[in-house]
Amino acid sequence: MESKIATEAESPTAQTGQIPISRRIWPALRYFFSSPAALVGCIGLVVVLFTAIFAPWIAPQNPYDLLQLDIMDSRLPPGSESFSGVPYLLGTDGQGRDILSGIMYGLRTSLIVGIASAFAAALIGTTLGLMAAYLGGRTENFMMRLVDLQLSFPTILMALMVLAILGNGVTNVVLAIIVAEWATYARTARGTALVEREKEYIDAARCLRIPGRRVLLRHLLPNCLAPIIVIATMQVARAIGLEATLSFLGLGASVTQPSLGMLISNGYQYLLSGLYWISFYPGIALLITIVSINLVGDRLRDVLNPRNAR
Amino acid sequence: MVTTLIRRIIQAGFVILAMTVIVFLGVNVIGNPVDILINPDLNQAERLRVIESLGLDRPLWQQYLSFLHGLTEGNFGNSFVYSKPALDVILERLPATLELALCAMVIAIVLGLPLGLYAGLYPNRVSSRVIMTGSILGFSLPTFWVGLMLILLFAVQLGWLPSNGRGETAMLFGVRWSFLTWDGLSHLLLPALNLALFKTSLILRLTRAGVQEVIMQDYVKFARAKGLRENRIILVHILKNLMIPVVTIIGLEFGSLIAFSVVTESIFGWPGMGKLIIDSINLLDRPVIVAYLMMMVVLFVSLNFIIDVCYTLLDPRVRLDGKG
Numbered sequence: 001m002e003s004k005i006a007t008e009a010e011s012p013t014a015q016t017g018q019i020p021i022s023r024r025i026w027p028a029l030r031y032f033f034s035s036p037a038a039l040v041g042c043i044g045l046v047v048v049l050f051t052a053i054f055a056p057w058i059a060p061q062n063p064y065d066l067l068q069l070d071i072m073d074s075r076l077p078p079g080s081e082s083f084s085g086v087p088y089l090l091g092t093d094g095q096g097r098d099i100l101s102g103i104m105y106g107l108r109t110s111l112i113v114g115i116a117s118a119f120a121a122a123l124i125g126t127t128l129g130l131m132a133a134y135l136g137g138r139t140e141n142f143m144m145r146l147v148d149l150q151l152s153f154p155t156i157l158m159a160l161m162v163l164a165i166l167g168n169g170v171t172n173v174v175l176a177i178i179v180a181e182w183a184t185y186a187r188t189a190r191g192t193a194l195v196e197r198e199k200e201y202i203d204a205a206r207c208l209r210i211p212g213r214r215v216l217l218r219h220l221l222p223n224c225l226a227p228i229i230v231i232a233t234m235q236v237a238r239a240i241g242l243e244a245t246l247s248f249l250g251l252g253a254s255v256t257q258p259s260l261g262m263l264i265s266n267g268y269q270y271l272l273s274g275l276y277w278i279s280f281y282p283g284i285a286l287l288i289t290i291v292s293i294n295l296v297g298d299r300l301r302d303v304l305n306p307r308n309a310r
Numbered sequence: 001m002v003t004t005l006i007r008r009i010i011q012a013g014f015v016i017l018a019m020t021v022i023v024f025l026g027v028n029v030i031g032n033p034v035d036i037l038i039n040p041d042l043n044q045a046e047r048l049r050v051i052e053s054l055g056l057d058r059p060l061w062q063q064y065l066s067f068l069h070g071l072t073e074g075n076f077g078n079s080f081v082y083s084k085p086a087l088d089v090i091l092e093r094l095p096a097t098l099e100l101a102l103c104a105m106v107i108a109i110v111l112g113l114p115l116g117l118y119a120g121l122y123p124n125r126v127s128s129r130v131i132m133t134g135s136i137l138g139f140s141l142p143t144f145w146v147g148l149m150l151i152l153l154f155a156v157q158l159g160w161l162p163s164n165g166r167g168e169t170a171m172l173f174g175v176r177w178s179f180l181t182w183d184g185l186s187h188l189l190l191p192a193l194n195l196a197l198f199k200t201s202l203i204l205r206l207t208r209a210g211v212q213e214v215i216m217q218d219y220v221k222f223a224r225a226k227g228l229r230e231n232r233i234i235l236v237h238i239l240k241n242l243m244i245p246v247v248t249i250i251g252l253e254f255g256s257l258i259a260f261s262v263v264t265e266s267i268f269g270w271p272g273m274g275k276l277i278i279d280s281i282n283l284l285d286r287p288v289i290v291a292y293l294m295m296m297v298v299l300f301v302s303l304n305f306i307i308d309v310c311y312t313l314l315d316p317r318v319r320l321d322g323k324g
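As given, the protein sequences belong to chains A and B, one line each in that order. Residues 1 to 310 (our numbering) make up the first sequence, in order. Residues 1 to 324 (our numbering) make up the second sequence, in order.
Careful, some of the hints might be misleading.
To be clear about the criterion: a stretch of chain B counts as covered by chain A if any three or more of its residues have a C-beta under 8 Å from a C-beta of chain A, and this derived list gives those stretches [to be verified]:
(1) 124-131
(2) 134-143
(3) 257-264
Since the hints were derived computationally from the structure, they do not count as laboratory data. Virtual Cβ for every residue (Gly too), placed ideally from N, Cα, C.
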């Protein structure tokens, strides 16, 4: 009896619990894709993810394998052929690396850094935000002061501060992005949790003497997830952009595994001599990634917003 | 009112003090400038003498106390690279950054406000849709990449504008400014445009949202019913009420323009504070890093303080002593 009430209390969709999941998901999916922008974003995202995951198999060249590089092929314009007759669709850079392959491998680094840091920031921020809302009182006051303080500084300044202290490198960039972004999650999580906290199902769970941690994780968290997922999507895009910016400034990823930002930065020195393709195409790849994620996130916000529920 | 003000000032003071500890400890515990700054060919005795002259041999807390003492006198120690007081090195670069940020803000307002007004007044026109899509691009495009493309287009392909440096400067109030000469102005245009891109989109979207809210208000309908000319309605009734959020954002975003100028200055070789801090991080020039970070902390804490105070003065509904 007790467990049955508990499961029903866990989510507001419990009344529709008898309807099979597929019947609930299909209309939502159809609604999601009814916007052309969302469709474009999704296709873009699938292409980007596919490219990043399967880069070693679909890339024409392994840009980190020095044996495959030929210095004779350096700085070739897009569409030219290599010495051995292989076409370089997007040209080559100063070391004779194929730009297209460089982008494919660079996407991996960018996505890994972006997703990892956004996920870690989400974990930390959400935990702190939920705890603040649930515990209230002094803890909440202190945490929210910290969040306010954090949000009053621009992200790039926070990231610079972390990097100035810790030094350059990929792990430090991830840390810097986490420090710069956790507060957004904390604020969102707290805001949602404050509303949810007052609802009956939390009271019910408390009346059943379910331990606080369980209420927090199994009752409060699932019902606060929607806005957090939306924020997380957008923040992945911001994290990728921030990582690219920091790499461009020479504070970021290592030279052996260049991210998109690093590739663009490499092309900077050739730009003034008109060799545009070395920075141009990685930038386009970065743009497609960020715009696709933003379009999907924008649509997710519409779909997950309870006010828009049909 | 006075007590809340005092409480806010004390709070701000604590924040700044806490930041001095974090910044100083972080920079000093983790980096080791001895290896980088001292010529490896020097013998041991000479090494020790240099370390002593830089004050790097004393215990950390002593270094911190003398740093704090110096702070109250505006003295952050000498830059390891320039052998000049760190604050002087930064202050020399300050006008360039301020000039860039101000120009970017002016461009953002001049472009963003009218375009946002237009898109808000005629939301269904194709041109408005184009403007709004453009503003999404403005948000999504990585600033540094746009900077490179601006250089490629205007400096390399067309050859219209220079891509590097400040150009010719002229003196005004004892400080050198670029915008007073044609050459300086041509150097200023590209970086300012680059820095303004993001803020233009922001102001544009804010203005449009504001217009759509204000246009539904009764006083606008009443003004229309009175038969006022459309120009007057737009300029007086709509624009005036729009200015409150827009001015707030302009105030808030000015600080972030200074912070983001780091990127733009690095691309365009603009000799401001942002380029300085990147160079200093790479060279581990600790006094300059610390001075820059502390200056930014003070800047943002005071900016927020001023905005808070302005809110209470302008809008009695906002109470400082309320929660959060």
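Outcome of the hint check:
1. 124-131: Since three or more residues must qualify, the claim that chain A covers the region 124-131 of chain B is violated, with 0 doing so at under 8 Å.
2. 134-143: holds (count 7)
3. 257-264: holds (count 4)
Hint 1 alone, counting from the list given before, is not met by this structure.
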